[in-house]
Amino acid sequence: MHHFLKGFVAACLLLWAGPVFSTPSGPPTGQKLPDFTLTFTKGSDPGNSLGLEGKTEFSIPEIPFDVVIIEIFSMYCPHCQREAPAVNRFFEILTADPILSKKITLIGIGAGNSPYEVEVFRKKYEIPFPLFADGDFAIHKKIGEVRTPYFIGVKKKTDGTHEVFYSKLGGFESPEAFLDRILDAAGMKKGGDS
Amino acid sequence: MKRRHLSGMLIALFFLFSPKAFALSDAFKDTIYNPGKLKPVDSVLKVKVGDPAPDFTLPSLNGTRVSLKDFKGKKNVVLSFVPAAWTPVCSDQWPGYNIAEDLFKARNTMLLGITVDNIPTLFAWTRQMGDLWFPVLSDFWPHGATAQRYGILRSDGTSERALFVIDTAGILRYIDVHDINQRPDLGVLMRELEKVSGASPH
Numbered sequence: 001m002h003h004f005l006k007g008f009v010a011a012c013l014l015l016w017a018g019p020v021f022s023t024p025s026g027p028p029t030g031q032k033l034p035d036f037t038l039t040f041t042k043g044s045d046p047g048n049s050l051g052l053e054g055k056t057e058f059s060i061p062e063i064p065f066d067v068v069i070i071e072i073f074s075m076y077c078p079h080c081q082r083e084a085p086a087v088n089r090f091f092e093i094l095t096a097d098p099i100l101s102k103k104i105t106l107i108g109i110g111a112g113n114s115p116y117e118v119e120v121f122r123k124k125y126e127i128p129f130p131l132f133a134d135g136d137f138a139i140h141k142k143i144g145e146v147r148t149p150y151f152i153g154v155k156k157k158t159d160g161t162h163e164v165f166y167s168k169l170g171g172f173e174s175p176e177a178f179l180d181r182i183l184d185a186a187g188m189k190k191g192g193d194s
Numbered sequence: 001m002k003r004r005h006l007s008g009m010l011i012a013l014f015f016l017f018s019p020k021a022f023a024l025s026d027a028f029k030d031t032i033y034n035p036g037k038l039k040p041v042d043s044v045l046k047v048k049v050g051d052p053a054p055d056f057t058l059p060s061l062n063g064t065r066v067s068l069k070d071f072k073g074k075k076n077v078v079l080s081f082v083p084a085a086w087t088p089v090c091s092d093q094w095p096g097y098n099i100a101e102d103l104f105k106a107r108n109t110m111l112l113g114i115t116v117d118n119i120p121t122l123f124a125w126t127r128q129m130g131d132l133w134f135p136v137l138s139d140f141w142p143h144g145a146t147a148q149r150y151g152i153l154r155s156d157g158t159s160e161r162a163l164f165v166i167d168t169a170g171i172l173r174y175i176d177v178h179d180i181n182q183r184p185d186l187g188v189l190m191r192e193l194e195k196v197s198g199a200s201p202h
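Line by line, the protein sequences give chains D and B.
Per our numbering: the first sequence = residues 1 to 194.
Per our numbering: the second sequence = residues 1 to 202.
A couple of the hints might just be wrong.
[Unchecked claim] Derived pair list, reagent style EDC-like, types lysine to aspartate or glutamate, alpha-carbon separation capped at 16 Å:
{"hint": "1", "chain 1": "D", "residue 1": "K124", "chain 2": "B", "residue 2": "D102"}
{"hint": "2", "chain 1": "D", "residue 1": "K168", "chain 2": "B", "residue 2": "D26"}
{"hint": "3", "chain 1": "B", "residue 1": "K75", "chain 2": "B", "residue 2": "D55"}
[Said to hold, decoys possible] Here are a few chain D residues that sit away from chain B, every Cβ distance over 12 Å (derived from the structure):
{"hint": "4", "residue": "F36"}
{"hint": "5", "residue": "K55"}
{"hint": "6", "residue": "F58"}
{"hint": "7", "residue": "V118"}
{"hint": "8", "residue": "V164"}
{"hint": "9", "residue": "R181"}
{"hint": "10", "residue": "G187"}
No wet-lab data here; the hints were simulated from the structure.
All values derive from a computational prediction rather than experimental measurement.
We put the CB at the ideal spot given by N, CA and C, even for glycine.
Please model the entire structure based on the sequences and the hints provided.
In structure tokens:
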């Protein structure tokens with residue numbers, strides 16, 4: 001056993017010193033979202049779509065919507081760049097619907113992006129929804145170092161707590177199909193009935 | 001007892017293999033080799049701000065040869081050296097510059113991307129990034145000669161993650177030999193270019 005232990009520890013150290021191949025995974029569904037706060041910077045929420053005017057920072061459960069969709073993106077990510085128009089369209093569909101617009105909202109968090117870099121992404125793709133910087137990857141680490149773009153759906157429960165109901169990499173082939181998947185996963189029907 | 005040891009070790013293994021931080025775009029799928037955390041800087045600079053930038057001529061991905069002197073008297077130049085193709089931070093750097101063409105142009109600046117990889121490797125790697133607007137140059141042979149002249153060739157034959165700003169007179173105006181494990185902030189580079197070009201912030 002002693003020899004086995006020594007060998008095992010040595011093997012661990014060697015493996016640890018070498019390359020890392022594991023695939024990160026995002027926050028699990030059915031559980032609380034890890035705690036983190038987001039900070040408003042100039043232009044974070046140009047349309048005040050979150051209704052949090054006056055605050056300098058906030059946590060996701062403070063957002064006054066039943067459902068919050070979070071896109072983890074990076075201005076340095078080619079897929080995020082390619083999918084940006086479709087994600088914009090998803091937000092437009094939400095805001096154009098008289099019922100969904102009051103229940104569901106969308107924000108973006110730029111993993112490893114400074115506020116400057118987030119604004120470059122916003123201007124390039126004319127992003128209408130709120131974007132926040134996570135320059136030091138602090139939030140990215142908390143949510144499991146996911147690849148980008150990654151989408152997380154958070155739903156408020158009737159007892160005031162919240163849970164993650166959607167947690168998936170990419171897959172934004174169509175804004176309409178994405179909305180259907182979100183409504184289905186959240187247990188909401190089209191037209192906004194929950 | 002043995003069983004308890006084993007389960008403890010399995011838990012320890014799980015934490016040992018938990019991934020390190022890098023926001024890797026899904027565009028690269030599972031093709032990126034992660035070398036883990038590297039020595040932040042592993043070379044000694046041979047140039048300083050105020051020096052004339054050493055000239056070079058390197059083959060580019062589109063089949064032409066590009067010389068630094070081609071831009072003298074016309075444009076500022078940013079040299080973006082990245083350590084190696086198919087590695088995490090490098091794969092997430094140039095795609096960002098690719099959506100910032102108007103920011104470079106507004107500062108009368110040409111961007112040149114350089115690695116010590118050969119042309120076929122650079123071709124396959126940059127295909128994942130979409131169509132890049134700036135030249136990508138290969139400092140493969142003689143291996144890393146340009147990186148060596150600037151003093152940014154690491155002991156393992158890769159280059160540093162380094163940015164050099166060169167003005168229209170061919171003078172080095174800003175040097176950032178960055179921690180190889182981290183991506184430089186584009187905002188800092190743009191502010192340095194504003195000082196050189198006199199352009200106002202966007």
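A quick look at each hint next to the structure:
1. Proposed proximity of D:K124 and B:D102 is supported: the alpha carbons are some 9 Å apart, at most 16 Å.
2. About 12 Å separates the Cα atoms of D:K168 and B:D26, which keeps this hinted pair within 16 Å; it holds.
3. A threshold of 16 Å between alpha carbons decides the hint, and for B:K75 with B:D55 the separation of about 15 Å falls inside it, so the pair holds.
4. For D:F36, the requirement that its beta carbon stay farther than 12 Å from each beta carbon of chain B is met, with the minimum near 15 Å.
5. For D:K55, the non-interface assignment is confirmed: its Cβ lies about 24 Å from the closest Cβ of chain B, beyond the 12 Å cut-off.
6. Listed as a non-interface residue, D:F58 keeps its Cβ farther than 12 Å from every Cβ of chain B; the least gap is roughly 22 Å.
7. Residue-level check failed: D:V118 sits 10 Å from the nearest beta carbon of chain B, not beyond 12 Å.
8. Annotated as non-interface, D:V164 keeps its C-beta farther than 12 Å from every C-beta of chain B; the closest such distance is 19 Å.
9. The claim that D:R181 is not at the interface with chain B holds, since no C-beta of that chain comes within 12 Å of its own (minimum 17 Å).
10. D:G187, annotated as away from the interface, keeps every beta carbon of chain B farther than 12 Å; the closest lies near 28 Å.
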